[in-house]
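*Asks:* What follows is each chain in one-letter form.
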Amino acid sequence: MTEPLSFELSRPAVDPPRLPEADVPGPSPADVLPREALREKPPGLPRLSEPEIMRHYSRMASLNYSISENFYPLGSCTMKYNPVANEAAAALPGFAGLHPYQDEESVQGALELMWRLEQSLCAIVGVERVTLQPAAGAHGEWTALRMIAAFHDSRKENRTEVLVPDSAHGTNPASAALSGFHVVEVKSGPDGRISLADLESKLSPRTAALMLTNPNTLGLFEREILDIAEMVHATGALLYYDGANLNAFMGICRPGDMGFDAVHMNLHKTFTTPHGGGGPGAGPVGVKADLVPFLPTPTVERVNGHLKLNFKRPQSIGRVRSFYGNFGMLVRAYTYILAMGGDGLSQASQDAVLSANYLRKLVENDLEMPHEGPCMHEFVASAHNLHQNGVRALDVAKALLDRQFYAPTIYFPLVVPEAIMVEPTETESKATLDAFAGAIKEIVAQAKANPDALHEEPTRLPVGRLDEVGSARRINAYLQGQSEDPILRWKALSDGGPEKAC
Amino acid sequence: MLETIGVRSMDDLLIDIPQSLRLESLQLPNGLSEFETMAQVTALADRNQVYPDRLTFRGGGVYRRFIPAAVAAVTSKPEFYTAYTPYQAEASQGTLQAIFEFQTLIAELTALDVANASLYDGATAVAEAAMMAFVHTGRNEVLVAGYVHPEYVQVLKAFGEGRGIKVRKGAEPTKKTAAVIFQQPDFLGLLLDARALTQAAHDQGALAIACVDPISLAILAPPGEYGADIAVGEGQQLGLAPSYGGPHVGFIACHKELTRKLPGRLVGTAYDAHGRRGFVLSLAAREQHIRREKATSNICTNHSLCALAAAVYMTYMGPYGLRQVADVSFRRAHHLAERLSGLPGWEIAFPERQFLNEFPIRVPRASTVVRKLARKGILGGLEVGRWFRELKDVLTFTCTEVNDPKAIDELLEVLA
Numbered sequence: 000m001t002e003p004l005s006f007e008l009s010r011p012a013v014d015p016p017r018l019p020e021a022d023v024p025g026p027s028p029a030d031v032l033p034r035e036a037l038r039e040k041p042p043g044l045p046r047l048s049e050p051e052i053m054r055h056y057s058r059m060a061s062l063n064y065s066i067s068e069n070f071y072p073l074g075s076c077t078m079k080y081n082p083v084a085n086e087a088a089a090a091l092p093g094f095a096g097l098h099p100y101q102d103e104e105s106v107q108g109a110l111e112l113m114w115r116l117e118q119s120l121c122a123i124v125g126v127e128r129v130t131l132q133p134a135a136g137a138h139g140e141w142t143a144l145r146m147i148a149a150f151h152d153s154r155k156e157n158r159t160e161v162l163v164p165d166s167a168h169g170t171n172p173a174s175a176a177l178s179g180f181h182v183v184e185v186k187s188g189p190d191g192r193i194s195l196a197d198l199e200s201k202l203s204p205r206t207a208a209l210m211l212t213n214p215n216t217l218g219l220f221e222r223e224i225l226d227i228a229e230m231v232h233a234t235g236a237l238l239y240y241d242g243a244n245l246n247a248f249m250g251i252c253r254p255g256d257m258g259f260d261a262v263h264m265n266l267h268k269t270f271t272t273p274h275g276g277g278g279p280g281a282g283p284v285g286v287k288a289d290l291v292p293f294l295p296t297p298t299v300e301r302v303n304g305h306l307k308l309n310f311k312r313p314q315s316i317g318r319v320r321s322f323y324g325n326f327g328m329l330v331r332a333y334t335y336i337l338a339m340g341g342d343g344l345s346q347a348s349q350d351a352v353l354s355a356n357y358l359r360k361l362v363e364n365d366l367e368m369p370h371e372g373p374c375m376h377e378f379v380a381s382a383h384n385l386h387q388n389g390v391r392a393l394d395v396a397k398a399l400l401d402r403q404f405y406a407p408t409i410y411f412p413l414v415v416p417e418a419i420m421v422e423p424t425e426t427e428s429k430a431t432l433d434a435f436a437g438a439i440k441e442i443v444a445q446a447k448a449n450p451d452a453l454h455e456e457p458t459r460l461p462v463g464r465l466d467e468v469g470s471a472r473r474i475n476a477y478l479q480g481q482s483e484d485p486i487l488r489w490k491a492l493s494d495g496g497p498e499k500a501c
Numbered sequence: 000m001l002e003t004i005g006v007r008s009m010d011d012l013l014i015d016i017p018q019s020l021r022l023e024s025l026q027l028p029n030g031l032s033e034f035e036t037m038a039q040v041t042a043l044a045d046r047n048q049v050y051p052d053r054l055t056f057r058g059g060g061v062y063r064r065f066i067p068a069a070v071a072a073v074t075s076k077p078e079f080y081t082a083y084t085p086y087q088a089e090a091s092q093g094t095l096q097a098i099f100e101f102q103t104l105i106a107e108l109t110a111l112d113v114a115n116a117s118l119y120d121g122a123t124a125v126a127e128a129a130m131m132a133f134v135h136t137g138r139n140e141v142l143v144a145g146y147v148h149p150e151y152v153q154v155l156k157a158f159g160e161g162r163g164i165k166v167r168k169g170a171e172p173t174k175k176t177a178a179v180i181f182q183q184p185d186f187l188g189l190l191l192d193a194r195a196l197t198q199a200a201h202d203q204g205a206l207a208i209a210c211v212d213p214i215s216l217a218i219l220a221p222p223g224e225y226g227a228d229i230a231v232g233e234g235q236q237l238g239l240a241p242s243y244g245g246p247h248v249g250f251i252a253c254h255k256e257l258t259r260k261l262p263g264r265l266v267g268t269a270y271d272a273h274g275r276r277g278f279v280l281s282l283a284a285r286e287q288h289i290r291r292e293k294a295t296s297n298i299c300t301n302h303s304l305c306a307l308a309a310a311v312y313m314t315y316m317g318p319y320g321l322r323q324v325a326d327v328s329f330r331r332a333h334h335l336a337e338r339l340s341g342l343p344g345w346e347i348a349f350p351e352r353q354f355l356n357e358f359p360i361r362v363p364r365a366s367t368v369v370r371k372l373a374r375k376g377i378l379g380g381l382e383v384g385r386w387f388r389e390l391k392d393v394l395t396f397t398c399t400e401v402n403d404p405k406a407i408d409e410l411l412e413v414l415a
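Sequences listed follow chains A and B, in order. Just so you know, we're using numbering that gives the first Met the number 0 here: the first sequence kicks off at 0 and counts up by one. Just so you know, we're using numbering that gives the first Met the number 0 here: the second sequence kicks off at 0 and counts up by one.
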C-alpha cells in the first residue's frame, strides 16, 4: 500500500528525456569556466522514465485525503470546496505567462485585477487599503505588526509589548516576537471570551497592540468587542485582527467597524484558493487610514483610469516579498469573489454558522461542550469525557480517519483540555454533517465498549499510527553523529529501516 | 436544521453580535454565473500582453523554461492541490512523501545535509537564512556581497529591522558579522569566487549563505562542495510558470549542525507498528505552534504544491537532463552575448567576469532598445539601472533552452 521513493525506483539505464540541443556555436561550460568552479559529480537526482514518473505520483496521490474526496472539519482552517473555475482562471495564459518585470503598460489587466481585489477586500472587512504582498497568514501577521511598529515609531512612542490572548494561534506570538515585540498573554474568562479585567491589567503605555481573532478560536463571538476596542485605543495602542475566522461573518459585520486597525485575511481559507498540501496561500493585510503610509511597497494605484505600481512610499516598512505577492492566488480569490458577489458571500457565512451550530447540536451529548452556544462558524468540543475509558482526542481523530473523514483540529486551542475543534464550512451538505455526527457517535460508543481497539486505529489507511517519538530519537542520533541515516532525506544505505518493528 | 438546533431564525444564532455592528449587505455587486465570471476574468487576462517564451530574453529572477507536461498533470491532481497541510500523517502520505523527495532533491542539488519542505520565495528564503545565522552566531550584522537580487535585499532589510539586524553591503566580514550573503551567479548573471567569499566568512566565525540558481547547480560547484553553511534560492525555474511573480517556491538547505535552526516544515521517516515506513512532520519543537514567541520563525506552512512541481521537474530531468538544460542555456547565452557585443555601441559590461545564461551588456540607450524590441513583440533585456545607478544603460539578457536560434536571429534583426 505504500509507494517506494523515486530514488529507490531509479534505474541507471534510463535515458535522460529528449531536450533541445544548443544548435549554436557557443562554447560549453568546460571550455571557459575554471575547473574549480565546475561541479565534479552530477547531482544525485533519480532517473525514471515518464511513465514511471506518472505512475509514481499517481500512486502517491491516492495515499492522500483531500477536499475533493473527503470532509475536512478542521477548526480554524476553513477547508471549503475549491471551485475549479478558480484554477482555470489562474491558468489563463494572460495571467500565468506574465513576467514580473514587464512594463506597466503591458500588464494593465493584472494590475486592474489586483486593484479590484483590493477594493473588494476593503469592502468585506471595512478598511481603507489592503496590501496583497504577504504570501501566507503568518506572513500577513508579521507585515501588520511591522506597520504597527512603524506607526508608533513615527509618533516617537516607545511601545514594546503586544498582547495576545491565551487562546490565540501560535503564529500570533511568534509573529509579534519576530517583529521585535515582547509578548504578554491575556487570559480568557470562564465563558471562553477574553477577560476584560485581565486585559485592563495588562494594557499600559508600553502596549503597541492587542492581537485578536473574532470569533475567537473557541468559535465564540467576542460580545464586548466594542468595549475592548475602546480600552485598547484609549491607551494609544492599536487593535489587530487575525483573519483566520473571517468566514464567520462576511456580510454580517466587519472587523473595521469593530475598531480593528489592521486586518489580515487568508485567501486560502475564506476565499477558496486551494491549500495545496500546505501552500501556496496568500495573506493580504488591510489597514485603516492611520496605517496606510506604512504599507509595503509597491502599492497599486489608479491614476486617471491608468494603473500604476507605486514604489515611492517614504514611510513604508519596505518590501515583504519579491515582486507583488502570490499573484496566481490573487487571481483565484478574485474569481471566487466575482462569482459569489456580495449576496453569495453573506449567504456563505450564514450557512457556515448554521452548519457549525447544527453539527454542534448533533454531537453535544457525545462529547463535552466546555462553552455555551450558540457558536459562530466553528465550535470546540472536548474528549475529556472519554478520559475514564483511556481514550483521548488523538484516538477520536485517528478513528475518524478510518471512517473516511479527515480529523478535526485537536489539542487546540490550548485552553481546552483534549480539544476537538470542528469547522464544517458552508460547502458541506446536511447529509455529510449527519454522517460525520454518526461517526462521532460510533466512536464514542466504541470508546466505552472497546477502547483498546480505538488505540489501534487507523487500520484502513496506507500506514498505521507512525512512531513520531522514535523518528525524533533517530534524528537526534543522526544529528549527534551516532547514526548514518539522516531521516530527513533519503540516502543509499545498506539498511534503511529499523532492525525490527518497534 | 434551525429546528434541530432549537432556534427560530438565523438571527438567533447571531445574537452575540451587537446590533450596532450588523450590516445590511456588502457593498459589492451580486454574484455571477460561471460563464459570466470567466468572461470578466478572461477580459482582464486579455488586457495583458504575453510575450512568447522563445522571444522572452528578460530574467532578473524569473525565467522562461521548458516545463514538461508531466508537471501540470501531477500538480492538477485534486488529491494534491486540495489537500491540507499534512497534520494527520496517515491520511497525508502522498503530500509527505512528495515533500520528503523534494527535501532530498534539494539536498542532492546543493550537496548539503538537510533541506526543508520549502519557503515562500527566494527573497524570504534569504531573509530566513539570515535569521538562522543571527540566532546561531549571536551577532547582528549581515553582509551582502556583490550584486544580490535587489528585491531580496529589500525583503532582508524589512525582516532584519524587526529583530535589530543590520544589513550592510560589502565582502569583508568582521567579528561582528553573522553571515556573508552572496548570490551565485549574481543578479547580473556573473559568477563570483564563492570559495573565497565562504572562506572569508569562516575566517571571522561568520556563516556563508549562498543564494543559488538551482539549474546552475547541474554544472557549477554546489554550495556544499565549497563549504557554504546554508544554501537558499528561488525554485521558479524548476517547472513553475512566471505568473507575474508568484506563487513560486523558496528553498533552503544547510549543514546538519544547523538543522534545529531551520525554519518551516521538515518531513522525516517514521515506522508504524507493522514496521511499514511512512513520513511525518519532524522536529516540530522548533516551530511556532509549539514554541510560540520563542520560535525562530513564524512560518506555519510552506509552498507545498510548488515544491511538488519542482520535485516532478527534477525527477523528469534527472541528473543528465538538468545538465543538458543548463548546458544549452549556457551555449545560447554565450552565442547571444557574442552577437550583441558586435552591435555598434554595445559592449559587455564586466568582460573579465564569467557568466552562465544571463549577462549584462552596456548599450547606447537602454530604454530605447527595450521599447524597440517590445514593438516587435520581443521582451528584451532588463534595465538594471533602475536599482543600481552605476549600471545606467546596462541591460541584462538571458537565454535558455526555449530561446531557439531563430529567436536569437529575430532579436538581432530588430537591433541591426
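Treat the hints with care, since some could be wrong.
Derived pair list, reagent style DMTMM-like, types lysine to aspartate or glutamate, alpha-carbon separation capped at 25 Å [stated by the list, open to error]:
| id | chain 1 | residue 1 | chain 2 | residue 2 |
| --- | --- | --- | --- | --- |
| 1 | B | 260 | A | 466 |
| 2 | A | 360 | B | 15 |
| 3 | A | 490 | B | 409 |
| 4 | A | 155 | A | 229 |
| 5 | B | 168 | B | 389 |
Since the hints were made in silico from the structure, they are not lab data.
*Asks:* Please go over all the hints and tell whether each is borne out by the structure.
*Replies:* Here's how the hints hold up against the structure:
no. : hint          : in the structure
1   : B:260 - A:466 : 23 Å, holds
2   : A:360 - B:15  : 18 Å, holds
3   : A:490 - B:409 : 47 Å, violated
4   : A:155 - A:229 : 22 Å, holds
5   : B:168 - B:389 : 15 Å, holds
The structure fails hint 3 only (numbered hints given earlier).
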